[in-house]
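Protein sequence lines, in the order shown, are assigned to chains A and B. If you're matching positions, the first sequence starts at 60 in my numbering and goes up one per residue. If you're matching positions, the second sequence starts at 53 in my numbering and goes up one per residue.
Keep in mind that the hints were calculated from the coordinates and are not lab data. Beta carbons: idealized from backbone N, C-alpha and C, even for Gly. Treat the hints loosely; a few may be bogus.
Stated by the list, open to error - Among chain A residues calculated to face chain B with C-beta under 7 Å, some are:
#, residue
1, N89
2, S93
3, A99
4, L188
5, L193
Unchecked claim - Sample of chain B residues facing chain A (criterion: CB under 10 Å; computed from the structure):
#, residue
6, S114
7, P116
8, W191
9, R192
10, R377
11, V378
12, N389
13, T391
14, A395
15, Q398
What the hints assert, rightly or not - Simulated pairs of lysine to aspartate or glutamate, DMTMM-like, Cα-Cα distance not exceeding 20 Å:
#, chain 1, residue 1, chain 2, residue 2
16, A, K255, A, D269
17, A, K190, A, D269
18, A, K373, A, D269
19, A, K235, A, D224
20, A, K171, A, E104
21, A, K171, A, E147
22, B, K72, A, E147
23, A, K271, A, D223
24, A, K301, A, E471
25, A, K96, B, E243
26, A, K96, B, D295
27, A, K171, A, D86
28, B, K72, A, D224
29, A, K96, B, D393
30, A, K301, A, D276
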Amino acid sequence: MTNGQHLSEYEYQQGRDKKPLSLDAGDSCNGRWSDGKTAAAHSVEIELQNTALLFRRDDENSLSHTNHIHEWPYASIHSPSPISPNDEHVLITSTDYPGERLFIDTPDFAAKILSRAPNVSRRSHQWALLKWPLGMAVALVFFWALTYFDVISPANSLAKLMPDDARTTIGTGLIKTIRQDSKVCQTPAGNAALNKLLYRLTPALPKALDYKVQVADINYVNAFAAPGDQIIVSGKLIQQAKSADEVAGVIAHELGHSIERHPEANLIRALGLLTMVQLLTAGEAGAFGDIAFMLVQSGYSRSAEAQADKHAAKILNMVDIDSRPLALFFERLINKAKDKSKDENPSEDNADKTSDTSSDNAMTRETDADDDASETSDYTGWISTHPPTKNRINYFNKSKINTAPAILTPTEWAALQAICGKPKENDKSAKQAGDSKPAARKGGSGK
Amino acid sequence: MEPSNSPHTGQPIDISWAGKGTDYIGLGFKIFLLKIITLGIYHFWGKTETRRKLWNHTRINSEPLEYTGTGMQLFLGFLIAMLVVFAPIFIGVIIIVSLFGQQSIALAVFMVCVYVSFLYLIGVAIYSANRYRLSRTQWRGIRGALKGSAWAYGWTTFWTTIVTILSLGLAVPWQSIKLQRIITNNTYFGETGMQFTGKASAVFKYFIIPWLVMVGGLIALGFLISPYIVQIQAWQEAGGIADPNKILYVQLMLILHYMGFLVFASVAYAWYQSKYYNYIAEQTHFSNGNFNLTTTAGGLIWLTLSNVLIVILSLTILTPVAVARVFGYIVDNLSFNGTVDVAGIQQSQQSLSKTGEGLAEGFDIGSF
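Okay, chain A solo, but in the shape it has when bound:
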């Protein structure tokens, strides 16, 4: 056909073809071209050159041929869907001529255009589809890492902006959920003892802190801070504590979380992540959303625990309470965890088992739980994910207070221990708590 000569002539005139043509005469074929203005198709003759695809209309008998040679550089060529080497039809577009379309149904054209145009391959299409979602996912993980390692903490900043009413309302609701059916423990003597203990702590607390401490009849050893400066201590914890100093230490630690607004921050973190995941996945997150929620539930960061410890030590020191009993309390926990991790056959007397829950969602729990489920737990896992308890023990052991006045009289301490009204069981477990083969359990959040 004379057409090919025209194209070569054109190329020659333009001085483009510096390199020798690597293509043989077979690299021309017929196709259909639409101009993007009407749906009409015009048959064209196409030639694949070194850097561009050239074509001219067959049906045009114009005087000046060169005006009708279209040139699509390979770099500008795209395809609406990825091209495979064996495709019988190929539809291509050019970003240089938006709206125009070339349709070629010569069977071997697909392979030829694939070897020349970089943007039509399966890989190129996949990357174009994947780059944004992948970039966003990486950005999200990066953002999460920044917050995880406390480089930035948007949740903490937001928590400090929360109005007190909202914090209290949310905290009360959460406490209801956590407490479920268990009642709030109250006896006149027990309340008096608890108030005396709290009264002792008050001078060391920020004046604006309007805190509230409740003992709940929860059947495992636990204590947590809820939003709105509300602290729940389980009756079991008080029963298993060896002295009022230990209870005071636990409450001081939880108050530390409250002062730093950790419960509020955790809640915001959980809600934020959940919302974001739901948004990004069009609500079909399902499992992804739950995983995200679990990540948040895995607890306070080490630095948050350290902050709470620092507050606890400061508070106890200011009001002349020895912090070493708290260290002992933690030591008991870590020893129990170690014992348990060595113990291949966890068939010890279930009644003796105490286990540690250190799972915090919007709450923090610092404690051990008397729980039959502890057999299945991963104790070494608990050690590795828990803030370094050894450091804590050393930290609290620095206390220099030796001649502190007792917080409660023995009668008052007995009344506090009996606040949930189970003195007999209390005696038994308190006695056994010291010398039992103990257990620790990771994660008490089996909701």
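Please arrange chain B on chain A, whose structure you already have, making use of the hints.
Coordinates of chain B only, in the frame set by chain A:
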């Protein structure tokens, strides 16, 4: 544009489907994998990828349709819909619950308002989604378009739904035809519009059959199961003492009767659906011809049942296969009677929205 040299003569139009359901298996697994890698965000891009393939498998005179939408448009559309529609509702609920509590009348009133507005917004969402998809559909570089107002369509959907409920469903054909007329008469390929000539009365004669089957079936069901219900009541009065085998037998019979009713009702409804779709296509005119669709009740039932199995057994991973089978079934059975003056079809002058079908995504309106 320059006037074409060739005279504007009509051209026959051949519509064909070049795909197979099995072509989409790999795609399903790939999208699932990429969703995991991207924390689920790939959802919108996966949807786009599936559509590109579906459109590419649809051939008109052997040239493929082209889907030019992007995942980012779907993603942004969804984010905007979430911020504008769903976030205010979420915040409203939180405020009302914290002010008045969960059991308050205020919350009930608010939720009723939300659901009523949803009835309106769903129409808006359907129309906008159709508009987005048509504007991103091209053949030979010419775009489709849906003109008209999504809000007006939403309002029509709203009040005709209320009328249909009040008519005990008898107004379904009237509502469907009314809504279809709005959509078809506003559908354009380039600047050439479609015309809809369908009438509710023509559809009603089909619709009355599943309606009667449904009503008659319910009455028959009532008669057939009443002995078992009486039996159960007798057992309850006797203090729940009965032969376990007899209880099992009664339960089995109840289930069988309900299943029987469902089968009858579904078959009758599928029959109506195929008649309806075929009628809609026949009454849709374009250029010098009209469409022709040949779906059958059996085809629709088989397609639906097999697709439910595919989606459930693959834990939704093979959803693209199910989608492609529906798409392919329709395209395969679709043809065009008459000719189209192809050269006379001018490029659409409708402007393109920057975001896509967010509201529809929010309401989980499926359709490809």
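Verification of the hints:
Violation of the interface hint for N89 of chain A is found here, the shortest Cβ-Cβ separation to chain B being roughly 14 Å, above the 7 Å cut-off. Given hint, S93 of chain A at the interface with chain B, holds; its Cβ is 4 Å from that chain's nearest Cβ, closer than 7 Å. Interface hint status for A99 of chain A: upheld, as the beta-carbon distance to the closest one in chain B is roughly 4 Å, under 7 Å. Restraint check, L188 of chain A versus chain B: the minimum CB separation of about 5 Å is within 7 Å; hint holds.
Hint on L193 of chain A holds. Least Cβ distance to chain B is approximately 6 Å, under the 7 Å limit. Contact between S114 of chain B and chain A, as hinted, is supported at the beta carbon level, the nearest pair being about 7 Å apart and thus within 10 Å. A hinted interface residue such as P116 of chain B counts as satisfied when its beta carbon comes closer than 10 Å to some beta carbon of chain A; here the least separation is about 6 Å, so the hint holds. This hint holds: W191 of chain B has a C-beta 7 Å from the nearest C-beta of chain A, less than the 10 Å allowed.
Against a cut-off of 10 Å between C-beta atoms, the interface hint on R192 of chain B holds, since the closest Cβ of chain A lies about 4 Å away. Hint status for R377 of chain B: violated, given a least beta-carbon distance of 19 Å to chain A, over 10 Å. Interface hint at V378 of chain B: violated, since its Cβ lies 19 Å from the closest Cβ of chain A, which is beyond the 10 Å cut-off. At a threshold of 10 Å, the smallest CB-CB gap from N389 of chain B to chain A is about 19 Å, leaving the interface hint violated.
Hint on T391 of chain B is violated. Least Cβ distance to chain A is approximately 13 Å, over the 10 Å limit. Look at A395 of chain B: its Cβ gets to within about 4 Å of chain A, closer than 10 Å, so that hint holds up. The closest approach between the C-beta of Q398 of chain B and any C-beta of chain A is roughly 6 Å, which is under the 10 Å cut-off, so the hint is satisfied. Proximity of K255 of chain A to D269 of chain A is assessed by CA-CA distance (about 16 Å); at most 20 Å being required, the pair is judged to hold.
Our distance criterion of 20 Å between C-alpha atoms is broken by K190 of chain A and D269 of chain A, whose separation comes to about 50 Å. The suggested pairing of K373 of chain A with D269 of chain A holds, with an alpha-carbon distance near 19 Å, which does not exceed 20 Å. For the hint pairing K235 of chain A with D224 of chain A, the CA-to-CA distance comes to about 17 Å; that is within 20 Å, so the pair holds. Simply put, K171 of chain A and E104 of chain A have alpha-carbon atoms about 15 Å apart, close enough for the 20 Å limit, and the pair holds.
Distance hint between K171 of chain A and E147 of chain A is fulfilled; the C-alpha atoms sit about 12 Å from each other, no more than 20 Å. Between the alpha carbons of K72 of chain B and E147 of chain A the distance comes to roughly 16 Å, so the proposed pair stays at or under 20 Å and holds. Restraint check: the Cα-Cα separation between K271 of chain A and D223 of chain A comes to about 13 Å, which is no more than 20 Å; the hinted pair holds. The straight-line distance between the Cα atoms of K301 of chain A and E471 of chain A is roughly 14 Å, inside the 20 Å bound, and the hint therefore holds.
Proximity of K96 of chain A to E243 of chain B is assessed by CA-CA distance (about 11 Å); at most 20 Å being required, the pair is judged to hold. In summary, the hint linking K96 of chain A to D295 of chain B is not supported, as the alpha carbons are separated by about 79 Å, beyond the 20 Å threshold. Restraint check for K171 of chain A and D86 of chain A: satisfied, since their Cα atoms lie roughly 8 Å apart, inside the 20 Å limit. Restraint check: the Cα-Cα separation between K72 of chain B and D224 of chain A comes to about 60 Å, which exceeds 20 Å; the hinted pair is violated.
As the CA atoms of K96 of chain A and D393 of chain B are separated by approximately 14 Å, the hinted pair is consistent with the 20 Å bound. Annotation: proposed proximity of K301 of chain A to D276 of chain A holds, straight-line Cα distance about 18 Å (limit 20 Å).
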